[in-house]
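> So the chains spell out like this:
Protein chains: 2
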Amino acid sequence: MYGEIITIGNELVDGRVLDQNSWYAAGRLTASGLCVNRITSVGDNYKTVSAALKKAVEESHFVIITGGLGSTDDDITNEIVAGALNRPLCRDRQMFEKIMNYVIEKKIEITPSLEKMTWVPEGSIMLNIEGAMCGFSLVEKGVHLYFLPGVPDQMRYLMERFVLPEIIGFYDTLPVMRQRIFKLYGLNEPELAEIFTKLKGKMGEIITGYYPRFPENHITISLRGEDESAVIKKLDRFETEIRDLFGACIFAAGAETMESVVGSKLTEKKMTLSLAESCTAGLISHTLTNVPGSSSYFQGGVVVYSNQSKIDLLHVDSETIEIEGAVSNSTVREMAFGARERFKTDLGLAVTGIAGPDGGSRTKPVGTVHIGLATKDDIFSKKYIFRGTREQVKQNTSMMALDWIRRYINGDPFLSGV
Amino acid sequence: MYGEIITIGNELVDGRVLDQNSWYAAGRLTASGLCVNRITSVGDNYKTVSAALKKAVEESHFVIITGGLGSTDDDITNEIVAGALNRPLCRDRQMFEKIMNYVIEKKIEITPSLEKMTWVPEGSIMLNIEGAMCGFSLVEKGVHLYFLPGVPDQMRYLMERFVLPEIIGFYDTLPVMRQRIFKLYGLNEPELAEIFTKLKGKMGEIITGYYPRFPENHITISLRGEDESAVIKKLDRFETEIRDLFGACIFAAGAETMESVVGSKLTEKKMTLSLAESCTAGLISHTLTNVPGSSSYFQGGVVVYSNQSKIDLLHVDSETIEIEGAVSNSTVREMAFGARERFKTDLGLAVTGIAGPDGGSRTKPVGTVHIGLATKDDIFSKKYIFRGTREQVKQNTSMMALDWIRRYINGDPFLSGV
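So the sequences go chain by chain: Z and F. Residue numbers for the first sequence follow the numbering used here, so the first one is 1 and each next one is one higher. Residue numbers for the second sequence follow the numbering used here, so the first one is 1 and each next one is one higher.
Think of the hints as simulated: they come from the structure by calculation, not from any bench. Be aware that one or more of the hints could be misleading.
Unchecked claim - Under the rule of at most 27 Å between Cα atoms (straight-line distance), these lysine-lysine pairs were calculated in the DSSO-like manner:
no. : chain 1 : residue 1 : chain 2 : residue 2
1   : F       : K141      : Z       : K47
2   : F       : K200      : Z       : K106
3   : F       : K47       : Z       : K55
4   : F       : K200      : Z       : K107
5   : F       : K382      : Z       : K107
6   : Z       : K47       : F       : K55
7   : Z       : K344      : F       : K344
8   : F       : K265      : F       : K382
9   : Z       : K55       : F       : K141
10  : Z       : K200      : F       : K116
11  : F       : K106      : Z       : K106
12  : F       : K383      : Z       : K107
13  : F       : K141      : Z       : K54
14  : F       : K116      : F       : K98
15  : F       : K106      : Z       : K198
16  : F       : K116      : Z       : K54
17  : F       : K198      : Z       : K116
18  : Z       : K344      : Z       : K270
19  : F       : K202      : Z       : K116
20  : F       : K233      : F       : K198
21  : F       : K198      : Z       : K106
22  : F       : K55       : Z       : K141
23  : F       : K234      : F       : K198
24  : Z       : K54       : F       : K55
25  : F       : K183      : Z       : K116
26  : F       : K383      : Z       : K106
27  : Z       : K200      : F       : K107
28  : Z       : K376      : Z       : K344
Said to hold, decoys possible - According to the in silico footprint, chain F covers these stretches of chain Z (three or more CB under 8 Å from chain F):
no. : region
29  : 25-33
30  : 69-78
31  : 84-96
32  : 268-282
33  : 300-314
For glycine and all other residues, C-beta sits at the position ideal for the given N, C-alpha and C.
Required output: the full structure, derived from the provided sequences and hints.
Written out as structure tokens, the structure is:
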């Protein structure tokens with residue numbers, strides 16, 4: 001069952017906006033056992049959109065189209081569809097009621113731009129008319145067309161809630177397809193490729209994929225088959241091989257993230273955590289708290305960007321900073337200790353480093369980072385050197401610091417530093 | 001002069017890899033005054049690549065193709081081009097020498113996968129034969145085709161060094177094209193569309209575009225013409241109209257960001273800032289410090305996720321929290337005051353709120369956020385209600401808080417709350 005994706009918007013073909021919608025849709029369709037043949041991005045232009053639509057109807061079983069459904073002048077998808085597929089625009093009764101309710105509730109006049117949204121190509125079925133965000137579907141020559149908004153959250157919601165279940169329902173003779181994702185941290189690409197070669201000959205029909213998502217590396221294993229239990233059994237066996245090979249470098253699987261794994265482990269052990277961040281300046285704290293419910297184990301943190309704030313807020317000894325420097329094992333140890341004391345937590349995690357682009361020296365180049373962890377009985381610290389831009393150094397530091405918590409609780413050794 | 005971009009790779013159509021190559025190429029071509037008509041992504045598949053190539057040759061003046069040039073089994077672009085354009089593969093003398101030198105230097109045997117790279121479609125001209133990374137170009141029916149590697153760094157290097165200069169050279173009668181971007185915060189899409197209608201009739205040949213980048217909205221104005229100074233003059237005039245209409249809602253232009261604008265303003269006024277974050281949990285601090293040199297105005301902050309940490313670290317009165325709640329104007333005012341005191345800064349900025357998905361109540365629903373700002377003479381506070389997911393509430397809060405600093409320094413009123 002072949003599908004394609006068409007994304008519409010001048011902002012896509014002139015490079016202002018990175019097209020994450022087609023990436024998302026392609027990933028979700030593939031994971032559901034469907035094939036995407038082509039992704040096309042075109043501007044808000046009658047001729048090119050029209051040509052892309054016609055071609056898709058000729059060559060595919062289903063088409064996902066995003067963009068151009070809003071209320072502004074350049075949102076002309078409805079008109080183009082009407083012309084290209086020869087389906088005059090009709091007022092949708094439900095959509096009209098919805099807009100009128102909005103207008104009455106807000107006590108405003110109906111504007112031409114709102115009014116425009118009530119006209120859809122003949123034969124359209126509205127998707128999610130009850131919700132705040134709408135799309136519509138059409139069947140043309142047996143091909144299912146789904147028109148979704150270009151706003152990523154809205155598009156994703158409609159994909160998950162309406163489009164994917166419907167498409168999967170149409171093709172229920174689909175062979176079983178299962179995919180697993182493993183997320184790794186601490187190996188570079190050549191190291192990973194080298195380890196991977198040991199799997200040759202053990203894969204059978206299993207398709208493996210590898211892709212970097214800085215600073216992580218992801219591995220996928222996929223298998224198609226007629227029988228679900230056989231597919232799962234083969235994947236289980238292969239997963240064991242992979243886990244044996246990569247060990248503690250696999251920090252998560254599937255939808256898990258480093259921060260969700262760290263959160264689960266802290267919850268499981270009933271431990272609390274506080275932070276002292278210098279070079280990451282809140283990134284670790286922000287990342288940790290993207291997990292709902294993180295307030296049960298995360299008490300808080302300090303962003304001590306200046307030396308004085310390290311002394312004032314964490315009681316780091318001014319002599320330590322003077323003699324060893326703010327970027328040193330001694331300072332990071334006192335920071336971790338200070339955070340643990342101030343927030344009265346089981347663990348105190350600290351980072352200090354030089355994110356760049358300025359501030360580096362011969363002995364402490366840009367990318368030099370110290371991580372420290374204070375526990376009830378010990379204080380650990382290590383030095384790392386991360387390459388890349390300011391943001392990449394911050395990201396790698398944040399990831400490594402969180403990995404310390406995961407490894408500490410699991411009893412695994414920390415990744416080696418310099 | 002119309003061009004298109006074709007990106008090749010199974011990892012693109014199955015959603016494993018986000019296609020940043022087409023985004024990059026489209027942006028660079030547009031900035032050079034060229035038009036991109038269509039972007040197509042296809043898998044490593046003879047039929048679909050071949051169809052995309054033929055269509056591009058029929059409809060465009062130039063085509064950028066990336067991917068499938070490497071040494072692995074799925075790199076089959078050369079063979080597909082040979083078939084689709086009826087140009088048999090020939091051994092390229094320079095490429096062969098290069099590969100042989102590599103083999104000799106490394107003291108290895110030539111492998112079939114290395115050998116494969118020396119065969120290119122008849123009439124190909126190698127790009128960057130001296131360098132480590134190669135591509136090639138072809139002219140088919142007067143259309144210029146550029147084949148580049150899929151590895152982003154290599155692709156970008158070849159684009160900048162060879163492809164862009166060549167294309168620009170072909171079309172040196174190219175009209176001038178200038179684009180300006182304005183970034184807005186605090187208006188929703190219908191409000192923006194409504195204000196936009198007032199510009200009708202004043203645009204002349206100017207093309208306007210509008211696109212949301214949550215939580216921001218961006219407006220672009222573009223103009224093509226024969227004469228640079230005339231184009232700039234018209235854009236200047238139109239920019240004045242836009243700035244008059246949208247006023248303080250325009251927070252940045254071009255490559256500026258909210259955090260870079262706030263940074264420039266603080267630097268200009270020689271003011272320092274500290275933060276007290278609850279629901280954003282470090283996001284504001286992280287965002288501010290993405291600007292190199294931010295340590296000159298940003299002293300640090302506290303992430304006070306628990307009530308106790310608000311009391312211990314910021315000296316918020318426990319009675320205030322008990323009576324008014326942690327999410328209240330009174331608490332946020334004491335937090336802002338506390339941050340300013342602890343870090344000895346000119347400004348102390350604080351946020352507290354309910355990011356969700358849990359923790360909301362009838363009187364304080366999810367999305368309720370209080371922002372506070374302590375200055376030498378005053379303390380300001382306001383309540384907002386933001387919609388959306390946990391991450392969206394965090395992002396909106398961070399943006400609004402930074403916007404407060406910008407508006408405070410500019411003497412503009414803060415955006416109204418609830």
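> If a hint holds in the structure, say so; if it doesn't, say that too.
Status of each hint after checking the structure:
1. F:K141 to Z:K47: 23 Å, holds
2. F:K200 to Z:K106: This hinted pair holds, its Cα atoms lying about 25 Å apart.
3. F:K47 to Z:K55: 15 Å, holds
4. F:K200 to Z:K107: 25 Å, holds
5. F:K382 to Z:K107: Judged against 27 Å, a Cα distance of about 25 Å means the pair holds.
6. Z:K47 to F:K55: 15 Å, holds
7. Z:K344 to F:K344: 25 Å, holds
8. F:K265 to F:K382: 22 Å, holds
9. Z:K55 to F:K141: 23 Å, holds
10. Z:K200 to F:K116: 23 Å, holds
11. F:K106 to Z:K106: 73 Å, violated
12. F:K383 to Z:K107: Holds: F:K383 and Z:K107 sit about 23 Å apart, inside 27 Å.
13. F:K141 to Z:K54: 26 Å, holds
14. F:K116 to F:K98: 13 Å, holds
15. F:K106 to Z:K198: It holds: about 24 Å lies between the C-alpha atoms, which stays within 27 Å.
16. F:K116 to Z:K54: 38 Å, violated
17. F:K198 to Z:K116: 18 Å, holds
18. Z:K344 to Z:K270: 14 Å, holds
19. F:K202 to Z:K116: 23 Å, holds
20. F:K233 to F:K198: 21 Å, holds
21. F:K198 to Z:K106: Status holds; Cα separation ~21 Å.
22. F:K55 to Z:K141: 23 Å, holds
23. F:K234 to F:K198: At roughly 18 Å apart (the allowed maximum being 27 Å), F:K198 and F:K234 satisfy the hint.
24. Z:K54 to F:K55: The given pair, whose Cα atoms are some 14 Å apart, holds under the 27 Å limit.
25. F:K183 to Z:K116: 26 Å, holds
26. F:K383 to Z:K106: 21 Å, holds
27. Z:K200 to F:K107: At roughly 26 Å apart (the allowed maximum being 27 Å), F:K107 and Z:K200 satisfy the hint.
28. Z:K376 to Z:K344: Holds, because 11 Å separates the two Cα atoms, which is no more than 27 Å.
29. 25-33: With 7 residues closer than 8 Å to chain F, the region 25-33 of chain Z meets the three-residue bar; holds.
30. 69-78: holds (count 5)
31. 84-96: violated (count 0)
32. 268-282: holds (count 5)
33. 300-314: Satisfied; 11 residues make the cut.
When each numbered hint is compared with the structure, violations occur for hints 11, 16 and 31.
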